[in-house]
Amino acid sequence: MSDATAQIPAPYDGHTHDHPHDPHLAHHFDTPAQQYASAKLGMWVFLGTEILMFGGLFCAYAVYRHNHPEVFSFAHRALSPLLGGINTAVLITSSLTMALAVRYSQLGRRVPLMVCLALTIIGGAGFMVIKSIEYHTKWEHNLFPGQYNVYNADFKGDERPPNDLAALEHASATDHAGVNITPEQPEKEGSNAPHGGEASPTFAGVIQTPHESPAAPATAPTTAAAPRYVDPLAGTGDEPKIKPSFADIQGLSQGQQAAQTAHAHLTYSELPPLDQERVNAFFSVYFMMTGLHGIHVLVGMALITWILIRASRNEFSANYFTPVDLVGLYWHLVDLIWIFLFPLLYLIH
Amino acid sequence: MSDPHASHSESTEAQEHIAHRLAHPVPLWLLLTVFGMLMILTGLTVAATWIDIGMWNIWLALLIAVVKGGLVAIYFMHLRWDSPFNGIILVTSLFFVALFVGSVVLDSREYKVNYNPPVRSGTIQP
Chain A
3 MSDATAQIPA
13 PYDGHTHDHP
23 HDPHLAHHFD
33 TPAQQYASAK
43 LGMWVFLGTE
53 ILMFGGLFCA
63 YAVYRHNHPE
73 VFSFAHRALS
83 PLLGGINTAV
93 LITSSLTMAL
103 AVRYSQLGRR
113 VPLMVCLALT
123 IIGGAGFMVI
133 KSIEYHTKWE
143 HNLFPGQYNV
153 YNADFKGDER
163 PPNDLAALEH
173 ASATDHAGVN
183 ITPEQPEKEG
193 SNAPHGGEAS
203 PTFAGVIQTP
213 HESPAAPATA
223 PTTAAAPRYV
233 DPLAGTGDEP
243 KIKPSFADIQ
253 GLSQGQQAAQ
263 TAHAHLTYSE
273 LPPLDQERVN
283 AFFSVYFMMT
293 GLHGIHVLVG
303 MALITWILIR
313 ASRNEFSANY
323 FTPVDLVGLY
333 WHLVDLIWIF
343 LFPLLYLIH
Chain B
527 MSDPHASHSE
537 STEAQEHIAH
547 RLAHPVPLWL
557 LLTVFGMLMI
567 LTGLTVAATW
577 IDIGMWNIWL
587 ALLIAVVKGG
597 LVAIYFMHLR
607 WDSPFNGIIL
617 VTSLFFVALF
627 VGSVVLDSRE
637 YKVNYNPPVR
647 SGTIQP
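Residue numbers (the working numbering), protein chains in the order written: chain A, 3 to 351; chain B, 527 to 652.
Heads up, some of the hints might be wrong.
Derived coverage of chain A by chain B (criterion: at least 3 residues anywhere in the stretch with Cβ under 8 Å from a Cβ of chain B; other residues may be distant) [stated by the list, open to error]:
1) 81–90
2) 134–140
3) 148–156
4) 337–350
Across the chosen pairs, the derived CB separations fall in these ranges [as the list claims (entries may be wrong)]:
5) A:Met-290 x B:Gly-596: 49 to 55 Å
6) A:Val-117 x B:Thr-559: 17 to 23 Å
7) B:Ile-614 x A:Gly-148: 35 to 41 Å
8) B:Thr-559 x A:Glu-317: 42 to 48 Å
9) B:Met-581 x A:Met-290: 21 to 27 Å
10) A:Ala-28 x B:Trp-607: 40 to 46 Å
11) A:Leu-54 x B:Leu-558: 46 to 52 Å
12) B:Val-631 x A:Val-113: 49 to 55 Å
13) B:Val-593 x A:Leu-84: 32 to 38 Å
The set of hints was computed from the structure by calculation and includes no laboratory data. Glycine is no exception: its CB is placed at the ideal position from the N, C-alpha and C atoms.
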């Protein structure tokens, strides 16, 4: 026994050696299975806190969408369901390769494990590349979070908010051809032209990008002092009365009514004025949710890289694969959260 | 938790014996099946936006997302074969998120007067 205590570090003193010694078994656990189950339980507690953290953002989403459904219906058109769908497929595929990696680590097969980990990292990188393309399209058009958003009332730039966001997802492709991505909207029967129409004719949103063709600015609005928001009801005799209308009793805003009566998408100038002031909230929610998710993707990629390095050193076996499994759980949670983000942000009906 | 490791009990070596208690490799066909179902459901959730069922669109989208998330949690995240505690933690966290979101959304209805017109300074004429 004396030679055994000389070789084994202090925490292992008193360890019974009636079975082969497991170098990965900490002294306060009875069996590797117990240690493994405890590690997994701890990871799940952490994942629970992750869900709670994202829960705050989902709550913000729910409140904004509940109060301003027409804003979400309008603003989500700046997102590309195609790119979002591709990213969903990429992330689900990387989740599969991660599950395969866990499987191969449990089977003690080192080379397939490393291949699957590498594929998972590539999947995460592909996701981030597509995500950055999407972000870039937004940034090109001042669709930032917070006060730097073109729709924010405190926006200091000279660009005007796009009247219709549907073309934004194709913006990157068409910008280089000098195509004006938001054609000027034909003026609607004067209802959008209050106060003698001093502002409305120039209000149709035209996006100016630095590298736009010289022809496009000819149609761009030049009245910098035009009112930012135009009340579509002002001056039409339909101003809200003191007495609530039937729609008020129903709790429907004008935009909701319009969205219910016409399936066509609302343009910016058709949004109720108070909703026009809140279009930027969608982009704040979008960037915060996808941004926090993107940070998790980056963290997951770093963790998988660490696992890949350890796997290359042959540190994992059928007896010890806990780090692979726990990082896999983390990666699957990132996938799981995206599964909810994709329909909530990209596929608003 | 009957005995999910029964299929691996053919290993007889001592080393394998320890591993056999610890590891439960999910069968390849099962992972691939789950992957295929996730892909199909992704297509389904995109296709669900083509039909118009009013306010039920978001609930349909959420239902599909819950099914997809359940597949990921149960099979990819191994909850089906795990100790029930892990699943309880997941369900509990989701319950508290639902409680949080639900109570806040409930409360946000109380401020309708602040958000509906008429509150446009300068446009209300006596």
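The hints, checked one at a time:
no., hint, result
1, 81–90, "holds (count 3)"
2, 134–140, "violated (count 0)"
3, 148–156, "violated (count 0)"
4, 337–350, "holds (count 9)"
5, A:Met-290 x B:Gly-596: 49 to 55 Å, "violated, 26 Å"
6, A:Val-117 x B:Thr-559: 17 to 23 Å, "holds, 21 Å"
7, B:Ile-614 x A:Gly-148: 35 to 41 Å, "holds, 38 Å"
8, B:Thr-559 x A:Glu-317: 42 to 48 Å, "violated, 31 Å"
9, B:Met-581 x A:Met-290: 21 to 27 Å, "holds, 25 Å"
10, A:Ala-28 x B:Trp-607: 40 to 46 Å, "violated, 24 Å"
11, A:Leu-54 x B:Leu-558: 46 to 52 Å, "violated, 32 Å"
12, B:Val-631 x A:Val-113: 49 to 55 Å, "holds, 50 Å"
13, B:Val-593 x A:Leu-84: 32 to 38 Å, "violated, 23 Å"
The structure fails hints 2, 3, 5, 8, 10, 11, 13 (numbered hints given earlier, in ascending order).
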